[in-house]
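**Q** Okay, here's what each chain looks like letter by letter:
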Amino acid sequence: MILELDDVRVTLGGSHILQGVSFSVAPTGVTALLGRNGVGKTTTVKAILGLVPRTGRIDFGGDPVHRLRTHEIVRRGIGYAPEDRCVFAKLTVTENLALAERRGSAHAYDLVYELFPELKTRGAQAAGTLSGGQQQMVAIARTLLNDNRLIVVDEPTKGLAPKVVTEVAEVLERAAERVPMLLVEQNLALVRRLAGDGVVLAAGQVVHCGPVRELLADAALTQELLGVGQARGENVTLYTRPAPSGGSTHALAIVKDRQPPDEVSPPESTRSDAP
Amino acid sequence: MKRHVKNLIPVAVLAVLISLPYSTLRIPGVFDGAVNTPGSLQLLALCLLFAGLAVGYDLLFGRLGLMSFGHALYVALGAYSAELAMKNLHLPLVLAALLATVIGAAVSTLLGAVSLKGVGKLGTENLGTVGFAMVTLAFAQAGSILVGRDPKTTGGEEGLPLSTEKVPAAFVGVVNTVNLYWLALAYLVLVCAVVWWLTGSRVGRVWQAIRDNERRAEVLGLNPFRYQLGAFVLAGTLGAVGGVVHLLVTAGATPETTTTDFTLALLVMVVLGGSGTRWGPVLGGVFYTLLDHRLGAVATSDSVAGLPAGLRVPLSQPLVLLGVLFVLVVYAVPGGLAALPSRLRGRRPPTRPRLRGRGPRGQRGEQHRLGVVEGEAHGAHPDRVASEL
Amino acid sequence: MSTLVLLTLTGLGLGALYFLIASGLSLIFGLMDVLNFAHGALVTAGAYAAWRLTGHLPFAVAIAAAIATGAVLAALIETVLIRPLYSRPKDQILVTVGLGLALPALVQGIWGADARQLRAPRQLAGTVSVLGAKVPTDRFVLIAAAIVVLAALKLFLSRTRYGLVVRAGVEDRAMVTALGIDVRKAFTLVFAIGGALAGLAGALGGVYFGSVSPDQGTSLLVFGFVVVVIGGMGRTDGVALAAAAVGLIQQFTNYYAASGLGDFAAVAILAVVLLARGNRDGARRLIRRAA
Ligand SMILES: Nc1ncnc2c1ncn2[C@@H]1O[C@H](COP(=O)(O)OP(=O)(O)O)[C@@H](O)[C@H]1O
Ligand SMILES: [Mg+2]
Chain A
1 MILELDDVRV
11 TLGGSHILQG
21 VSFSVAPTGV
31 TALLGRNGVG
41 KTTTVKAILG
51 LVPRTGRIDF
61 GGDPVHRLRT
71 HEIVRRGIGY
81 APEDRCVFAK
91 LTVTENLALA
101 ERRGSAHAYD
111 LVYELFPELK
121 TRGAQAAGTL
131 SGGQQQMVAI
141 ARTLLNDNRL
151 IVVDEPTKGL
161 APKVVTEVAE
171 VLERAAERVP
181 MLLVEQNLAL
191 VRRLAGDGVV
201 LAAGQVVHCG
211 PVRELLADAA
221 LTQELLGVGQ
231 ARGENVTLYT
241 RPAPSGGSTH
251 ALAIVKDRQP
261 PDEVSPPEST
271 RSDAP
Chain B
1001 MKRHVKNLIP
1011 VAVLAVLISL
1021 PYSTLRIPGV
1031 FDGAVNTPGS
1041 LQLLALCLLF
1051 AGLAVGYDLL
1061 FGRLGLMSFG
1071 HALYVALGAY
1081 SAELAMKNLH
1091 LPLVLAALLA
1101 TVIGAAVSTL
1111 LGAVSLKGVG
1121 KLGTENLGTV
1131 GFAMVTLAFA
1141 QAGSILVGRD
1151 PKTTGGEEGL
1161 PLSTEKVPAA
1171 FVGVVNTVNL
1181 YWLALAYLVL
1191 VCAVVWWLTG
1201 SRVGRVWQAI
1211 RDNERRAEVL
1221 GLNPFRYQLG
1231 AFVLAGTLGA
1241 VGGVVHLLVT
1251 AGATPETTTT
1261 DFTLALLVMV
1271 VLGGSGTRWG
1281 PVLGGVFYTL
1291 LDHRLGAVAT
1301 SDSVAGLPAG
1311 LRVPLSQPLV
1321 LLGVLFVLVV
1331 YAVPGGLAAL
1341 PSRLRGRRPP
1351 TRPRLRGRGP
1361 RGQRGEQHRL
1371 GVVEGEAHGA
1381 HPDRVASEL
Chain C
2001 MSTLVLLTLT
2011 GLGLGALYFL
2021 IASGLSLIFG
2031 LMDVLNFAHG
2041 ALVTAGAYAA
2051 WRLTGHLPFA
2061 VAIAAAIATG
2071 AVLAALIETV
2081 LIRPLYSRPK
2091 DQILVTVGLG
2101 LALPALVQGI
2111 WGADARQLRA
2121 PRQLAGTVSV
2131 LGAKVPTDRF
2141 VLIAAAIVVL
2151 AALKLFLSRT
2161 RYGLVVRAGV
2171 EDRAMVTALG
2181 IDVRKAFTLV
2191 FAIGGALAGL
2201 AGALGGVYFG
2211 SVSPDQGTSL
2221 LVFGFVVVVI
2231 GGMGRTDGVA
2241 LAAAAVGLIQ
2251 QFTNYYAASG
2261 LGDFAAVAIL
2271 AVVLLARGNR
2281 DGARRLIRRA
2291 A
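Taken in order, these protein sequences are the chains called A, B and C. My numbering numbers the first residue of the first sequence as 1 and each following residue consecutively. My numbering numbers the first residue of the second sequence as 1001 and each following residue consecutively. My numbering numbers the first residue of the third sequence as 2001 and each following residue consecutively.
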């Protein structure tokens, strides 16, 4: 296991966002981190990177990293493409990439420009003037530039047009051949295509772990855990929020009882088509 | 039962303060003579006055999280305009004080609106807290400059002596120092009454919501600007009234009231005592004034002049010691003096002792739900916060 | 005509002084969200360092010492006092307030409250004839220093890796660290640069005013704030323009209106800019609401 989380807890602004998250990321392939909006996926990712104060244990490549500061964790070999891409709007594309160059690592510009030829031609353009898809390319390129042992990608297709989603998916697929990946994604078609294992969060806790195929094969479970029954190359984002306090037990109860959902969506219409 | 005790504290404190002028107690090291001598009463009056000013300042700093570096302007406005009204317009004290109050309110409305609007919370010119601090400082500095550059009207560096002929005889002369004490006490009671009452009311809860998260308050449908401006004007007006009291207690309008150091002293008092609490600013105001006075006496004493430079220099400059003390308090006692008892008892001090439990539950719940919207809409913002952790 | 030239160059000289102070403040704020209230104390420290050494050593050495004093003090302040408080942004400001009170008082305790005359070397003491106006040489030195600093800052920001880190950090500090960069090193560096510029401003300000005094730095700091707010936080060009504008307006108002009104005018400009900005924000919000 390249990354292991053990009882990670995060409190932000007085609310317990993560309430003891434990899971591990396989040393090869893509591990998907799933869950409805607001369950704490992004917070989990930030906890891994030390971007939020947290307790619990986090091992990366066998070494504990939860006491290190963000830049030290990253230097151990993590590439991070955050949810909102967070490219530096006023810096040029070239500068954005140059900033991501880490000392002590080779810089795979060949790979980056092969995957994203546009980044070369638009090198002098301010990153803030790029389209959402192009900004996502910069964000992913930053993770591929260095020799990383893990890349963490948070909702790379959020808000992108279907055609761009396809492009991003292809790039992620190629990236995943080289380096293990922790992928937060709402687009289940994409998850199905890329991910081996899946970890499902609800209300700040892990409620399901296992192969993504099995999870997605169970329509009722998918509906309950993820609040979506279909994915057609686009984001299906239902706005839900975990119940304020007793929410976690509630979510767990669902897993145990497997109650039928209130609304059952059209079954399996989407399973086969990947973007 | 506990609630009862809590409500009794102000009454008890007030009783002690009222009885002080009748006390012949001697407190060596604090007062030179007995408590009821004019010298001690004068110092006590200053303590109460500054406690009142600090409570007014904390309305901005502690209750709303607004860091104003220009509060001195309103105190100076109160003192100078009251004195000028008596001297040049020949108004009696009461009318002059009224005029000064109105001027304080008008100027704070104008400058408050400009400072609050101009620094903005949204957009690229997001100056926020820091911009507000800079701008209020600049405005106050303009006032200071004005006083300094027009000595004919303002007396320049000398200041203006009190026009005693316009002041009721009860406030003039050493024998009447006790009346100045009453005046300062009345001012402190007035400020506390207003600030404490508002803090406990609905307005206070809105203030707290704004202080905790301005954007969230906006999402709740509140208009932070209106509440911030309201508090700014109230603080400015109370400051102007305090200026009039200052004029009487110190028997003149002094340019010191116009300086940034004057505002910073208020800031130090509030932080020293514990900002955003009931008693913190009162304690801080009293403590700072006593300390400043004592250090000032030490600084000019002969024993200090004979010390080696390493000791003499800091001891001869009260501000060196006060500044260092302030830094130490910020580091070591984040809640200020007011938090010390609970700290010593090993509990973490409640950050907002009064309001937490009092807010209607519905409203808090709503804040939470809306907080989600915020977290989604401004995903990048927590990042910025996170880096500081 | 000669009055106009003299006023312009003097105003620009003053603006140069403001720029030296404001550019550091603005960089520090832009990157770290810290309002450095001790910045004025650094100016004073630089001024006194220069004053102590002038006459004993070449003036260039005195200037260098002033720069070094500012830089070292600032780096110390950042690493020892500000750094432990990164989770408490407001307390960071309070700590600089405490220093801003204590340091000038310490200077006053050591060298007295009175202004001390700073005798500039002969090369700086004279005047230069420009279009019939006899302009004191130090004005040109100030303007040249500001131009050099502006150019150097721009080069630093655009051409060096640290400059890149600083520019990125102004946008999003957390993301900079998430790229494996220790952004705190950039904090210390920026603080030291700001301190160096403050020290330089102190020394050159001493030449410009002919004397140094304990609260000189703090009174200059106020105009540094005015310039930063008008010019925009973290914007070197904007700050340079605003500094020149404020210096010019101050000089012209002092001459044509009344002595002393110039300082007042600078603050009035600030109010006007804020009002305009507030209205524009308000207008934007209205448009957004209507849309
Ligand atoms: N800085 C913060 N302060 C308070 N609550 C936060 C903060 N950041 C996120 N949250 C809350 O934490 C929960 C989980 O957020 P997040 O991890 O972004 O969810 P996800 O990525 O799964 O959609 C949400 O309810 C969100 O509102
Ligand atoms: Mg998320």
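Everything labelled a hint here was simulated from the structure, so no lab data went into it. Source: prediction; values computed, not measured. Cβ coordinates follow ideal geometry from the N, Cα and C atoms, glycine included. Hints are supplied without guarantee of correctness; some may be wrong.
[As the list claims (entries may be wrong)] Below, a list of computed lysine-lysine pairs in the BS3-like style, where the Cα atoms sit at most 25 Å apart:
# : chain 1 : residue 1 : chain 2 : residue 2
1 : C       : 2090      : B       : 1117
2 : C       : 2154      : A       : 90
3 : B       : 1006      : B       : 1087
4 : B       : 1166      : B       : 1152
5 : A       : 158       : A       : 120
6 : A       : 90        : A       : 158
7 : C       : 2185      : C       : 2090
8 : B       : 1166      : B       : 1087
9 : A       : 90        : C       : 2134
[Said to hold, decoys possible] One-sided and incomplete, this derived list gives chain A residues near chain C with beta-carbon spacing under 10 Å:
#  : residue
10 : 74
11 : 132
12 : 146
**Q** Hint by hint, say whether it matches the structure.
**A** Results for each hint:
| no. | hint | in the structure |
| --- | --- | --- |
| 1 | 2090(C) / 1117(B) | holds (21 Å) |
| 2 | 2154(C) / 90(A) | holds (15 Å) |
| 3 | 1006(B) / 1087(B) | violated (46 Å) |
| 4 | 1166(B) / 1152(B) | holds (20 Å) |
| 5 | 158(A) / 120(A) | holds (24 Å) |
| 6 | 90(A) / 158(A) | holds (22 Å) |
| 7 | 2185(C) / 2090(C) | holds (21 Å) |
| 8 | 1166(B) / 1087(B) | holds (8 Å) |
| 9 | 90(A) / 2134(C) | violated (44 Å) |
| 10 | 74 | holds (4 Å) |
| 11 | 132 | violated (17 Å) |
| 12 | 146 | holds (8 Å) |
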